[in-house]
Amino acid sequence: MATMTSTTSPPAPVFLDRLKRVNWTPYLFLALPLALYFVWIIAPTLYSIYLSMTDWDGVTAVPNFLGFANYQRLFTDRTFNEALVNNVRWLAVFITVPTTLGLGLALIFNQEMRGGRWYKISFYSPLVLSLPVIGLIWAWVYQPRAGLINSLLVGIGVQNPPGWLADRDLAIWCIIAAAAWRQVGYVMVLYLAGLKNVDPTLVEAAIVDGANRRQLFQHVILPLLAPVTTIVVVISIIDSLRAFDLVSIMTAGNQRTQVLANYMYIQAFNNYKMGYGAAIAVILFLISLIFIGFYLWRTIRDELEY
Amino acid sequence: MSRNTLRFLVVAVLLAAAVLAVAPVLAQDFITYNSYNGDPTPRAFDEKVVAMWNEMHPDKPINHSIIAHEDFKQAIRAYLTAQPAPDVLTWFAGNRARFFIDRGLILDFSDMWQAEGLDDVFAPGFTALATVGEGKYFMPTSYYWWAIYYRPSLFEKAGVKAPIETWDELLAACDTFNAAGIAPFTIGTRFRWPAAAWFDYLNMRQNGPEFHINLMLLKESYTDERVKATFARWQELLDRKCFIANPAAYDWNEAVDFMAQGEAAMYLMGGFITDTYPDELEDDLDFFRFPIIDPSIPVGEDAPTDGYFIAAQARNPEGAKEFLAFLASKEVQQMAFDELGRLPTRIDVDISKATKATQQGIALIQGADYVAQFYDRDTTPEMAEAGMDAMMAFWDDPASIDQLLEELEATRARIAAEQAGQ
Chain P
0 MATMTSTTSP
10 PAPVFLDRLK
20 RVNWTPYLFL
30 ALPLALYFVW
40 IIAPTLYSIY
50 LSMTDWDGVT
60 AVPNFLGFAN
70 YQRLFTDRTF
80 NEALVNNVRW
90 LAVFITVPTT
100 LGLGLALIFN
110 QEMRGGRWYK
120 ISFYSPLVLS
130 LPVIGLIWAW
140 VYQPRAGLIN
150 SLLVGIGVQN
160 PPGWLADRDL
170 AIWCIIAAAA
180 WRQVGYVMVL
190 YLAGLKNVDP
200 TLVEAAIVDG
210 ANRRQLFQHV
220 ILPLLAPVTT
230 IVVVISIIDS
240 LRAFDLVSIM
250 TAGNQRTQVL
260 ANYMYIQAFN
270 NYKMGYGAAI
280 AVILFLISLI
290 FIGFYLWRTI
300 RDELEY
Chain Y
0 MSRNTLRFLV
10 VAVLLAAAVL
20 AVAPVLAQDF
30 ITYNSYNGDP
40 TPRAFDEKVV
50 AMWNEMHPDK
60 PINHSIIAHE
70 DFKQAIRAYL
80 TAQPAPDVLT
90 WFAGNRARFF
100 IDRGLILDFS
110 DMWQAEGLDD
120 VFAPGFTALA
130 TVGEGKYFMP
140 TSYYWWAIYY
150 RPSLFEKAGV
160 KAPIETWDEL
170 LAACDTFNAA
180 GIAPFTIGTR
190 FRWPAAAWFD
200 YLNMRQNGPE
210 FHINLMLLKE
220 SYTDERVKAT
230 FARWQELLDR
240 KCFIANPAAY
250 DWNEAVDFMA
260 QGEAAMYLMG
270 GFITDTYPDE
280 LEDDLDFFRF
290 PIIDPSIPVG
300 EDAPTDGYFI
310 AAQARNPEGA
320 KEFLAFLASK
330 EVQQMAFDEL
340 GRLPTRIDVD
350 ISKATKATQQ
360 GIALIQGADY
370 VAQFYDRDTT
380 PEMAEAGMDA
390 MMAFWDDPAS
400 IDQLLEELEA
410 TRARIAAEQA
420 GQ
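So the protein sequences, as listed, match chains P and Y. Heads up: the first sequence begins at 0 in numbering that gives the first Met the number 0, then just goes up one per residue. Heads up: the second sequence begins at 0 in numbering that gives the first Met the number 0, then just goes up one per residue.
Each hint should be verified, as a subset may be incorrect.
Stated by the list, open to error - Pairwise CB distance ranges (calculated): (1) Y/225 / P/48: 37 to 45 Å; (2) Y/134 / P/72: 51 to 59 Å; (3) Y/354 / P/67: 28 to 36 Å; (4) P/29 / Y/399: 54 to 62 Å; (5) P/48 / Y/281: 49 to 57 Å; (6) P/212 / Y/401: 36 to 44 Å.
Unchecked claim - Heads up, incomplete: computed chain P residues facing chain Y, CB under 10 Å, no partners named: (7) 24; (8) 46; (9) 254.
The hints are simulated quantities; they were obtained by calculation from the structure and are not laboratory data. Glycine is no exception: its CB is placed at the ideal position from the N, C-alpha and C atoms.
Produce the entire structure from the sequences given, and follow the hints as far as they go.
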């Protein structure tokens, strides 16, 4: 057989030779993860994009193809716009407030102090709780009649305390505040880890050069923390885009607190509008892509520089 | 040879013994039954009914699985499209049953309905619920009604006469209660649906059940003057501060506290309020029918109905029909009425032990030609979402009602067009 191929078609042995020379081991190792990646990540993503162009109800075998009709509808859908605005609010609060507070706390607790470890744990402990539990606890805290906040307000003589979650203008901010409460501890821990890696000789050098506290922070510590800041911002963005648990538990998306993830869930699994729900998911995916793309672009650029 | 014969005999005897032992198991044809009775009391009852069946029919044992109500609502699509699907499933009447029936996922059991003579023993309103076109698809077995639950002691304290029977009496009662420092109505609208009960009743009392049902079926317009009149009634109640403050902060059962603590007098709620209401105050709880606005209009009531259906792709449809007939039997309905207070859809169940008020309520519902199923069961899930959102927005800002109704009308028109296209 081998002799036959060699005599009739001369290029084949070269090709076979090249095949033999290729090191197959890495591809072999990659095959399984790649297959899994395709089956569990790529294929469902593509399938969702296809579904978003149909009117699938979750039951019918062959749905009708609608093209971009679902997307057209999204932009006139009041609840979708409300959800989009709420996600943006969430994002705006998340990349500013918990980041600043977390950094501040990290700077404070990075110093040696009496009971410092205890304080650190107390700020970090909300992170141990699952989000639904946090939602339940905060719903009690916000309860207008017997909740913690209004009990205190009434105690100091406030006449008509707000209804918090019952107030359509306040409700979303109440939920974001509960989420930020949890996030602060998370950011603090990340920055504390970052501060431990700051080379003390650089700090000492700056002090010897006569830098005051503000200069030290602004020109030495903050630039050294830049990689941590990138991670914190990325985490904040991801957490605010996937916001779901707290809204679902605290208001179920009522009281003008709808967010994209919860609205997608309601459309798909409550209203049996899988196609429309998929369209919301795709929008959420595209928004994430913008941030992920930005992040990748920065990381790759940084890698090239060094 | 002889050794071989012996060996053959031994094997044959062993085989025969094995077959004899296994035969009864093979002859058993089990029936799968998936239910949503996750709460302790209904769960115990559900299991008891299955045990009764298993005792009577050891050859057709039930494969029973129970999951929580909300999870069941999500899982039902997977159940019905599975191959094979479970045989018998719990479900509720109204639009959510129609959704599956229209898609051919539910089995027509008219033959069993005929054979059991159910036309003669089911109240007409419930026979109507079971029927789609020519077939019978849904087996209604129990329901509960909605009513205004109240504390007689608070009525006495404030000097209000119960029952409140007319609209003017209702408005006057609001003023009297407010003057006495008691909130007239408690309500928890955190998950919105208790507000939808108000819409159902105001719309049925103002415009009659026929208009209401047609609105639910998306055949009437939300910008109709009649819908506006319904919301105008609602606004009268809001203007008179008939409800507690910040209702959206409370779950429906949290709002019961206002009544239990004597801060609110009434609650428009389903019969299941007694599950949450404190036992020690049970003697101080009664109910009356939602007041009449226009006596010339037929009276419609909300009476959400639970029942069962058989999956079209059931593995054992014959067994399923038999079990369904058992679930709908007088014996089981009587037991459900006696033990759980579930109201029977059959007219031959003995209700003489119930209070006079309950008997009157049952007579009222069983006499109706149509019973409404509740806003989020009567209309499509998507319409219900939009409608309840609008109700909450209206509650917060009644002046925005015209714009809200225009948006609802746009949603209704779109869903109706989609349904027509399918």
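Evaluation of the interface hint that places residue 24 of chain P against chain Y, nearest CB under 10 Å: violated (42 Å)
Using the nearest Cβ pair, does residue 254 of chain P come within less than 10 Å of chain Y? holds (6 Å)
Satisfaction of the hinted span 49 to 57 Å by the C-beta atoms belonging to residue 48 of chain P and residue 281 of chain Y: holds (56 Å)
With respect to the beta-carbon atoms only, verify the hint that residue 212 of chain P and residue 401 of chain Y lie 36 to 44 Å apart. Since the Cβ atoms of residue 212 of chain P and residue 401 of chain Y sit about 60 Å apart, the hinted range of 36 to 44 Å is violated.
Tell me if the beta carbons of residue 225 of chain Y and residue 48 of chain P are separated by a distance inside 37 to 45 Å. About 43 Å separates the Cβ atoms of residue 225 of chain Y and residue 48 of chain P, which means 37 to 45 Å holds.
Distance restraint hint 28 to 36 Å, applied to the beta-carbon atoms of residue 354 of chain Y and residue 67 of chain P: With Cβ atoms ~59 Å apart, the hint is violated.
Is the distance from the Cβ of residue 29 of chain P to the Cβ of residue 399 of chain Y consistent with 54 to 62 Å? About 58 Å separates the Cβ atoms of residue 29 of chain P and residue 399 of chain Y, which means 54 to 62 Å holds.
CB-CB spacing for residue 72 of chain P and residue 134 of chain Y relative to the 51 to 59 Å hint: violated (34 Å)
Does the nearest C-beta of chain Y fall within a distance shorter than 10 Å of the C-beta of residue 46 of chain P? violated (17 Å)
Of the numbered hints stated above, those contradicted by the structure are hints 2, 3, 6, 7 and 8, listed in ascending order.
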